[in-house]
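Required output: the full structure, derived from the provided sequences and hints.
Protein chains in written order, with the working numbering: chain V, 1 to 286; chain Z, 1 to 286.
Honestly, the hints are just simulated from the structure, not real lab data. For glycine and all other residues, C-beta sits at the position ideal for the given N, C-alpha and C. Some hints here could point you the wrong way.
Said to hold, decoys possible - Reference excerpt, derived from the structure (chain V facing chain Z, CB under 8 Å, subset only):
id	residue
1	Val63
2	Gln64
3	Phe68
4	Asp71
5	Leu124
6	Phe130
7	Gly158
8	Arg166
9	Asn168
10	His182
11	Val185
12	Thr186
13	Arg193
To be verified - Estimated spans, in silico, between C-beta atoms of each pair:
id	chain 1	residue 1	chain 2	residue 2	range
14	Z	Gln20	V	Asn236	52 to 58 Å
15	V	Gly158	Z	Arg19	43 to 49 Å
16	V	Lys17	Z	Lys54	55 to 61 Å
17	Z	Gly284	V	Glu75	22 to 28 Å
18	V	Gln20	Z	Leu66	48 to 54 Å
19	V	Ala101	Z	Tyr78	35 to 41 Å
20	Z	Ser157	V	Asn236	31 to 37 Å
21	Z	Asp150	V	Phe68	42 to 48 Å
22	Z	Gly210	V	Asn236	52 to 58 Å
23	V	Cys82	Z	Gln20	38 to 44 Å
There are 2 protein chains.
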Amino acid sequence: MALDIPGKDVSSALSEKIRQKVKLLEEKGITPTLRTIRAGDNPGDLSYERGAAKRCAALGIAVQNLAFPADVSREELYAAVCEANEDPSVHGVLMFRPLPARLNQDEIGNALLPQKDVDGMTDLSMSGVFTGKEVGYPPCTAQACMEILDYCGIDLSGKRTVVIGRSNVIGRPVSMLLLRRHATVTVCHTRTRDLAAEARRADILVAAAGRPRMIGADFVRPGQVVLDVGINVDENGRLCGDVDYEAVKETVSRITPVPGGVGAVTTTVLAAHVADAALRQNRGRW
Amino acid sequence: MALDIPGKDVSSALSEKIRQKVKLLEEKGITPTLRTIRAGDNPGDLSYERGAAKRCAALGIAVQNLAFPADVSREELYAAVCEANEDPSVHGVLMFRPLPARLNQDEIGNALLPQKDVDGMTDLSMSGVFTGKEVGYPPCTAQACMEILDYCGIDLSGKRTVVIGRSNVIGRPVSMLLLRRHATVTVCHTRTRDLAAEARRADILVAAAGRPRMIGADFVRPGQVVLDVGINVDENGRLCGDVDYEAVKETVSRITPVPGGVGAVTTTVLAAHVADAALRQNRGRW
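Below you can see the structure in the form of structure tokens.
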């Protein structure tokens, strides 16, 4: 019978570390500040915006929400990014994606300075995730997986990790973060032959396929730690992960539930990145 | 008994494609041009410089070798990179690395425009390799592995590929190139438990560990294709790969020898990148 890994516990532990950084900054008269940039009123964006604002507020991090109408021009959005770059009181920037389709998201996003790119949106941040150089920050969800594993006290060195999914927002970056921590990493996807057998080999299984409950009983074995990154809505309108929780819970050792698992850690990681960015940007003042 | 994959045959096939591009460019009065930038007289650099010059010459690609003394200043090297960026007659730039230790290689290297970065040196090129976006070029050796697999007519989709080594110049980028072609990719390294067993699971095994003859008989099984990226000098001063060729040749299906395997394809890939860069940089003229 699996033990749930409660995201809120991971989040609480991480929050303690963030508070220490915020305190250090406060002593120097600096309020770590996140600016969000949104185009349109996508309900998912609005929900994340509210969640992030609440979490940041609880940690002493200021949030400035910048909202543009869905028909915002390329020039306006680009200017908003450049303005945030130049404003020393803004330490981190989160631009909600996807942008409306007519806008060149790559061009606008890449205008952001990597040191303020707290959700790993820019090409330079991606290069940092890939090469291990300190450039930018990884996407928050990928980093949330690492925080969870650290919270559980798992030494990743030499562990077999299997990541299902190869997206640029989660599959690829989490694979690189695991590799940096000396895990053996296998990246699987829709074309993988005998996916269930590959998954069963894992000590740590990261499900990031974006398909509701696709990871069933045949994908798991006793002793595994399972991170379920999926956030899907099933045919009954219920939130569910990529893992069929009911089918695997008797078998695996530990598992993150959905909701209340990885998703509950993501905004705390965002806050951690903002606090870290504020510290780095003010290094010279200590 | 394994069939050798002769690098020169792969190189010849690729050369045909390059000649077509060069011909197209010639018709427009454009000579595809590579500029190399070297600091000091490292014998390995000199040898590669000669090899690249010879190969490019045979393909109608001009090469300009820029050589600085080992005590060149940061400013001089930086200026050389910027000058190459601004010169429209230079389509590709290869800077030999490592630079002398006192120089900030990252800073100087990243000054290069990714569209002229024909050996995947810059952070932006790395991001392109990682995310699959068309930014820059992958490191030539990583791309050489792909050219070899294509030459062999291997459909990578769903194939189990195991990469031994996780360096930024070969292990990581070749893993990402394999993933982009829909292979299932496992990245192994010194910390991997039971490395030989992981290697045996591979349909395609890429040895890029940088340790002479470390891949022995217990790492292979019948049917495998083995790419040996290693270029080492053994205790008798003989060139050898990461694979113990004599120990595995009876077992595996196909293997690249050392010398005469992957290394024989690398400079041709460099030439291919220069021709491609010249075409892209002159797109508007067609």
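Review point. So the hint says 52 to 58 Å: do the beta-carbon atoms of glutamine 20 (chain Z) and asparagine 236 (chain V) match that?
Key: Once the Cβ atoms are compared, 57 Å apart, the range 52 to 58 Å for asparagine 236 (chain V) and glutamine 20 (chain Z) holds.
Review point. Do the beta carbons of cysteine 82 (chain V) and glutamine 20 (chain Z) sit within 38 to 44 Å of each other?
Key: For glutamine 20 (chain Z) against cysteine 82 (chain V), whose Cβ atoms are near 43 Å apart, the range 38 to 44 Å holds.
Practice item. Please test the hint of 31 to 37 Å on the beta carbon pair from serine 157 (chain Z) and asparagine 236 (chain V). Key: 35 Å, holds
Exercise for review: Have a go at the arginine 166 (chain V) hint: is there a Cβ in chain Z nearer than 8 Å to its own Cβ?
Suggested key: 6 Å, holds
Practice item. Hold the hint about aspartate 71 (chain V) up to the distance rule: shortest CB distance to chain Z must be less than 8 Å. Key: Violated: closest Cβ of chain Z sits about 27 Å from aspartate 71 (chain V), beyond 8 Å.
Point to revise | Supplied distance hint 55 to 61 Å, evaluated on CB atoms of lysine 17 (chain V) and lysine 54 (chain Z) | key: Check passed, 56 Å falls within 55 to 61 Å.
Point to revise | Supplied contact hint for phenylalanine 68 (chain V), tested at 8 Å Cβ to chain Z | key: This hint is violated: phenylalanine 68 (chain V) lies away from chain Z, its Cβ roughly 25 Å from the closest one there, beyond 8 Å.
**Study point:** Minimum beta-carbon distance criterion (8 Å), glycine 158 (chain V) to chain Z
**Key:** 5 Å, holds
Exercise for review: May I ask you to test the interface hint for threonine 186 (chain V) with respect to chain Z, counting a Cβ-Cβ separation under 8 Å as satisfied?
Suggested key: Status holds, d = 4 Å.
Check your understanding: Does the CB of arginine 193 (chain V) sit less than 8 Å away from some CB of chain Z?
Key -> Where the cut-off is 8 Å and the nearest Cβ of chain Z is about 5 Å from arginine 193 (chain V), the hint holds.
Check your understanding: Does the Cβ pair aspartate 150 (chain Z), phenylalanine 68 (chain V) satisfy 42 to 48 Å?
Key -> Holds - the Cβ-Cβ distance for aspartate 150 (chain Z) and phenylalanine 68 (chain V), about 45 Å, lies within 42 to 48 Å.
Check your understanding: Minimum Cβ distance from asparagine 168 (chain V) to chain Z below 8 Å?
Key -> At about 5 Å, which falls below the 8 Å cut-off, the nearest Cβ of chain Z leaves the hint on asparagine 168 (chain V) intact, so it holds.
Comparing the model with each earlier hint shows violations of hints 1, 2, 3, 4; every other hint is respected.
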